[in-house]
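Asker: This is what each chain is made of:
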Amino acid sequence: MFQSLDKYRSMIRINKDVPSMPFIILGAILLFLGFIGVVRVFWQGHEAVYGVTRQVPWGLLIATYAYFVITSTGLAFIGGLGHAFGVTVFAKMSRRIVLLAFIILLAGFTQIGMELGHPFRLLYLFILSPNFSAPIVWMGLFYSIELVILAIELYVVFNPSGTNHKVAAVLGFFALLVGIVATSNLGFVFGSLTARPFYHGVYFPMYLVVSGIAGGAALLMLIYNIIYKFNVPDFYSDAMAGLGKLMGICLGVMIFLLSWKIVSSLYTQPQDSVEAVTTLLKGPLSSHFWIGEILLALCLPVALLLISRVKNLKALGMAGLAFMIGMFFTRYDFIVAGQLPPMRAGLEGAGVETIAGLVQYSPSVGEWMVFALGLGLFLFLYFMSERFLVLDEQTRQ
Amino acid sequence: MIGNKMTRRKFLGISAASAAGVAFAPALTRVVRASEKTNDYSILPKGKREFIASNCDMCVNKCGIICEVVEGKLHKINPNPKNIKSRGMLCAKGNAGAALPYSPDRLKTPLLRTGKRGEGKWKEISWDEAFKLVAKNLADLKEKYQNRSCVAFASTEGFQEEFYYYLVNSFGSMNTVRHTTLCLSSNIQGWSSVFGVFPDADLQHAEYVIMLGSDRAQALITPDSVDFQRFKPKGQKLIVLDPRFTETAAKADRWYPVKPRTDQAFVLALINVIISENLYDHAFVETYTYGFEELKNLVVEYTPEWAQAKCEIPADEIRQIAREFAYHAPRSVIYPGRRSAFYPNEVYIRQTFAILAAICGCWDTIGAVVPKSSVKLNMHNVIFPFFMLSQPRVDKQAVGLVKDVVPDSVACPMVGTGLPVDSCAFLSEKDGSWGSFREAVLQDNPYPVRGFFCFKQNPVQSVPNVQKTLTMFEKMEFICVIEQQMSDTAWYADLVLPHSTYLESWDPVHNLGGIEPIVEFRQPVIKPLFDTKTMFEIAGGIIHEMVKIPSLWDDIEPADFEAFKKDILEGVLDKPIVEYIQHQVLEYPGAFEELLKEGFYTPDGGKARYGSTRNPDFRFKTKTGKIELFNERYKEFGLFPLPKYCEPSALPGPDQYRFLVGRTAWNTHTSTQNNPYLWEIQKENTIWINTAEAKKLGISQGDEVRVKSKVSEQTIKAYVTEKIRPDCVFYVNGWGRQSPWMSQIYKRGASESEILEDVLDTISGSMCMHETFVTITKI
Amino acid sequence: MKNPNLQAALALKNIFFCLGLIFRYPDETVYTEIRQKLEAFDGFFSEYGEGLPPLPRVSDLQGEYVSLFVNNKGFVPALPYASFHMDQGQLMGRTYFRIRHILEESGFRLDASAPELEDHLSILLESCAALVRIIIEKNGDSSKCQNANAGLLELRSCMEHWVDDFAEKVTLHASMDFYRISSEALKNFIHDLDNIFNQVLGVNQKNSHITEVNR
Amino acid sequence: MADKQYAIVLDTKKCLNCKACTVACKFENFVPVGDDTYRIWVTEMPLQGKFPRLHQEYQPSQCQHCENAPCEKVCPTKATFRTREGVVLVDYKKCILCKACMAACPYDARFVSDLHEAVEKCTFCMHRVSEGREPACVETCPTKVRVFGDMNDPASDAARLLSSRQHYQLKPEKNTRPRLFYLA
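Protein chains in written order, with this note's numbering: chain A, 1 to 397; chain B, 1 to 779; chain C, 1 to 215; chain D, 1 to 184.
The following block holds chain A by itself, in its conformation from the complex:
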């Protein structure tokens, strides 16, 4: 009996030096709020609890879903680099990478599960009646595969009898690949909407993947700073620097893509697209855009990376924090901005209410509560793991 416990000693331990308790408590509180939200949704129905409307059918929960799952695939990408492409600097982080990717993907699934009116129907209809022309089917398929791969990977990296590196490499490769495919399909869920020129095209499949990788790097940089109380050991400096560089490249690409998105929208002013971009630049979403999307997600991280020359690990943590906050606005903005230009003008009799030519959306308390569920789930599960699991295989061994 003790022997069998022994076997897991390499995995289970109480980490007192990791500041996990506040996050666990925070996570529990958020989970509780989320639970109330879920009860309300079951009791009163989606329509009563959520702020989404006929004109803006996708709201906060789609944004938070994207926020979580895209970050997850970014993490899987980084993990895959380590395992499959021999970018060994990240190998020492693999337990945390896989764990984070898995948990945050679960958090994402809570969001879509609460957003869908009939989540359980989905489970069998995806098998009985799939429409292969629908991007959602592919997105769902690949994210499901991703979850399975991550689960297996989780088993492999935590295998008490030691990680089988060959298997890990194969899994890592597939996690990377499937993650990219899944996220670009998520992008295509929007990219396929010809009705809405702001979404339509290849921009979002690309932008989501790149920003997801940046998000994975940012989250890792932030998490490492948190668990080492902003004093990350030198052991990780090469990995952190690698993350910083990876993030820097991604930020560069993001700025490049975003600039062209804006320029192309403004230049020939394709209908709707320019309206959507204008909501970001000077419309109802402008504060989100300039403070969240531009300052926090792009400018501040770039500045921190440049000033610190990717060497100051605290700066990397701060860059990660700024990016993760900014990215939340980025995800929200892209979901909402594309839907604010109405499909029909708000004329009398049209049944469409517009202000300055735009329909309105703001998340309801219920939607925030469901977001709290996802965030709470992430914080709770992850920091419980930090508290009770051995995540730094290399240092402790």
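Simulated from the structure, these hints should not be mistaken for lab results. Backbone N, C-alpha and C define an ideal beta-carbon position, used for all residues, glycine too. Just to be clear, a hint being listed does not mean it is correct.
A few chain D residues that don't get close to chain B, going by computed Cβ distances all over 12 angstroms [unchecked claim]:
| no. | residue |
| --- | --- |
| 1 | Thr22 |
| 2 | Glu28 |
| 3 | Pro32 |
| 4 | Gly49 |
| 5 | Lys94 |
| 6 | Met126 |
| 7 | Val129 |
| 8 | Cys141 |
| 9 | Lys144 |
| 10 | Met151 |
| 11 | Leu162 |
| 12 | Ser163 |
Calculated lysine-lysine pairs in the DSBU-like style (CA-CA distance at most 30 angstroms, straight line) [to be verified]:
| no. | chain 1 | residue 1 | chain 2 | residue 2 |
| --- | --- | --- | --- | --- |
| 13 | B | Lys683 | D | Lys13 |
| 14 | B | Lys683 | A | Lys282 |
| 15 | D | Lys171 | A | Lys261 |
Quick partial rundown of chain D residues pointing at chain A, CB under 8 angstroms, derived from the structure [to be verified]:
| no. | residue |
| --- | --- |
| 16 | Tyr38 |
| 17 | Cys75 |
| 18 | Leu97 |
| 19 | Leu115 |
| 20 | Tyr168 |
Once you've looked at the hints, dock chains B, C and D against the given chain A.
Answerer: Just chains B, C and D now, with coordinates in the frame of chain A:
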């Protein structure tokens, strides 16, 4: 929600013990074993779907409907595609009628007031008690005032109204007031002064149509609203004059925002051009009309230039319209329309229309203005007793009584010295004039009126100057209202009797005159939900109680009383209403079966009828028997016999706007706003203000403004638009209820009847709806 | 359950009937009956509410009843029809037909002389009383009173959906205590019915097979 | 091509803006009262000109029953499908309420129905059509703005109007190929 005590409770406590021993009176049980009694519990077999033809009653049009009833529940009201009057259409209101029987706010049982009037304290009573109560009050009032006319009876038109008149005539009051002086009295009076009748327009075939102040696209009238767009002949021209850019104006070839109250000047100028350019129909004028020379002399001065100065329509265009109208004659229509009086000279405005039609020969021929034909129905020959104690109408001698509500224009030479003293003021004795009737009652002159009956009319909402109506109510010792919903009027009643909806009852056959005459009728499509009755049953119930009270019959011959019982009670009201209906169509074999199947009947397949009066020997219902361009009867009464133009006696002041009334296609006056399916189309009314004026006043779209007239002030949101003349404002009727109506309507928008002043048209006694001037201020 | 607690079941039946009387128009007969029998329900009212509702004079009670439940200026403050609450503010919606079906299935119908709809609160409560009576008569043999069991549960869940709203509206608009206290007690009682049915009649979701009709 | 191909041809010049169609639709199809719940609508197009030279049109509309239906493409469970007659329908039992179709529809023709617990929209009243009756909005219209019929039957009123009159479709740039044709 529930305390601890609740969740851990065991129901078997001592508390329950005493309850267990109670034995309730078995007679109180209403949920009974299905086998105990048999009755027609389900009115239709399970799952059965039926299509039942009937007739709509959401407004006055009486369109054909086919009701889809599933398991006894009305699912949908469809139009009847075969009905020639409604041309197979059904409007928003007609569709929304399917919600009417299922409105939870409807009256469910007779209610007797127990608190103060208007306080809202009621008790339920049985129909038997209600009938007894009515009879007793009628008897008491008759005794007390020794005058049967001390009880007034108000009603609005409808299939069951004739049974209301069974009640009125059985009591013997002369004081009846119908809706017409709020509606179309002046219009009928004006056209009849020329042709003796009020005609229809053959819009299906007219090549040229002038519509003045009729919004046929929104104020729906079948078949006109259908014909003027659906069947309009290729190349037909539509000229619309309206201070507002209405939906009808949007359909017009030319729209003129005519200056209010000057429509007559425009038409007079048309006549001037047509006569001076010799464009009139010489043969027709010669053969059929009377007084052409007088007319010719009158209109000499009314040149297009003169008219341009009045109505702000360029003289050139007036000339052009006149020539076009004459060119297309007789397929030219100056549209009679159906609307209430707008101005004190309303009858003359309408007389002018009719004269234009007459001199161009646009009469009783295809594409012209055509007298209504009708299907002859078999009357029930009932003769009501002559009661000694019935005094003439209270407003019979209206002179002096109404001086407060008639504008100075009565001093205008065309009207002479005052109101006519004869019933020519009214369409018929029984219609009355709300304005002069109310004044007479308020002044107790010449005698007191102390009882008030109301059948489906809502004077508190529909008669301008509400305060006067309420003051009149205060004089009443007994008010009884027969209604479907707790209307504002019912709220002030002593006794409220719930009437069944048109979907739950048999209605007698009605003959609808028109170019294509038709008879319409109603049959129940569903079982009544509540303890409601129809006027037929109510009249029968009350009269039965009346005959039990000897004092009610002491001013007639005993023999007459016996005859009355035999004819009225046994002959009509005691029999099933179906027999009444069958008797009405007795002359047409198979008609009743056809009515049941189709919901309407036409003896000749609904063919259009033209030319019945185009016969030189035909006697028109005018004094001379001719089409009177010069009205002999008006002359006799001291009225100006020709449509002389008179300047308005009152005009808006510098800061004032003329208040306009109008309709929407989704509400009938004040009666349908709380239907949820109609409410969602329009949730409140807004006041139309011209863009330039709004700018001057500093008002922007959606601002709250205060509207103030002589009698009241209202607050309402502004609708800033180009669609209205700068000197006018407008909001639609039916909102701004003071009382917590349905929560949706309560205090939403502004009330029309509150803001309107009571000004009477001098001949027909109609309320003039465009004679209220208001100031607008931003709040 | 083999033997329903007879005493408690009788009490339950009577409480239903009593509440049915209370929410019925108080004509002279009904009023007299309430006045005579109300005392016996003292325990019930103190347990579920503030004690016995004070019975006003008959004329006041009638006025209050009409203005709360029958007709008022334009709208009725607290509509006692299940369909109104369950089916978008209209009478005779799906719920009405469902309730009629429940009655028919259990061998009941509304007496033809009652000019009311089957989903009127007072009739629902009286129907509950009738169904409890069936269960008592059949000695709780669930094979013999399946329909009654199922009907009771469904009527309960129907009333549970709107009794809060109803009680709230009554409290808001009532000018005297009688209906306010009664509707509060009704509300608490309905919310406790799950528990009571289980305890007293042994009726719960598990042993009932609701016969679904084609809605 | 034996199948019928249903279409609605609209002569909006005849529209009175009376809203009969919208109310008829609600009753016929159990569409609840509510600001977001409607299958068809009548838009008052922008007022053109300055007082007193004004012009205004009214445009009734609804689901366009596109031949190239974006909603059908993005529906993950084939809940949205096109019938052989070219009518776009929703199988409520298959709808997972992902609302992709609502986002994809360029005409804002769909909404979430509490009754069906699914996304719903105009069905061309197929339950009536199968009984030989016209869609409720078509039947009730006073001026018969809408004409419903089979495009494959040259004798049908709809086909005749299409072949004899100029017409346009809404948002042609989306290449949805609507089955609602507006007469010019």
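Asker: Determine for every hint whether it applies to the structure shown.
Answerer: Verification of the hints:
1. Thr22: violated (7 angstroms)
2. Glu28: Non-interface label on Glu28/D violated, nearest chain B Cβ at 5 angstroms vs cutoff 12 angstroms.
3. Pro32: violated (9 angstroms)
4. Gly49: It is violated; Gly49/D is separated from chain B by about 8 angstroms at its closest Cβ, not greater than 12 angstroms.
5. Lys94: holds (26 angstroms)
6. Met126: Met126/D is indeed farther than 12 angstroms from all Cβ atoms of chain B, at 16 angstroms.
7. Val129: Holds, because the least Cβ-Cβ distance between Val129/D and chain B comes to about 14 angstroms, which exceeds 12 angstroms.
8. Cys141: violated (7 angstroms)
9. Lys144: The claim is violated: Lys144/D sits with its nearest Cβ about 6 angstroms from chain B, within 12 angstroms.
10. Met151: holds (23 angstroms)
11. Leu162: For Leu162/D, whose nearest Cβ neighbour in chain B is about 19 angstroms away, the distance exceeds 12 angstroms, so it holds.
12. Ser163: Since the minimum Cβ distance to chain B is about 18 angstroms, Ser163/D lies beyond 12 angstroms and the statement holds.
13. Lys683/B with Lys13/D: holds (26 angstroms)
14. Lys683/B with Lys282/A: At roughly 33 angstroms apart (the allowed maximum being 30 angstroms), Lys282/A and Lys683/B break the hint.
15. Lys171/D with Lys261/A: Within the cut-off at roughly 24 angstroms; holds.
16. Tyr38: Where the cut-off is 8 angstroms and the nearest Cβ of chain A is about 6 angstroms from Tyr38/D, the hint holds.
17. Cys75: holds (6 angstroms)
18. Leu97: holds (2 angstroms)
19. Leu115: violated (11 angstroms)
20. Tyr168: Where the cut-off is 8 angstroms and the nearest Cβ of chain A is about 16 angstroms from Tyr168/D, the hint is violated.
Consistency note: the structure conflicts with the earlier hints numbered 1, 2, 3, 4, 8, 9, 14, 19, 20.
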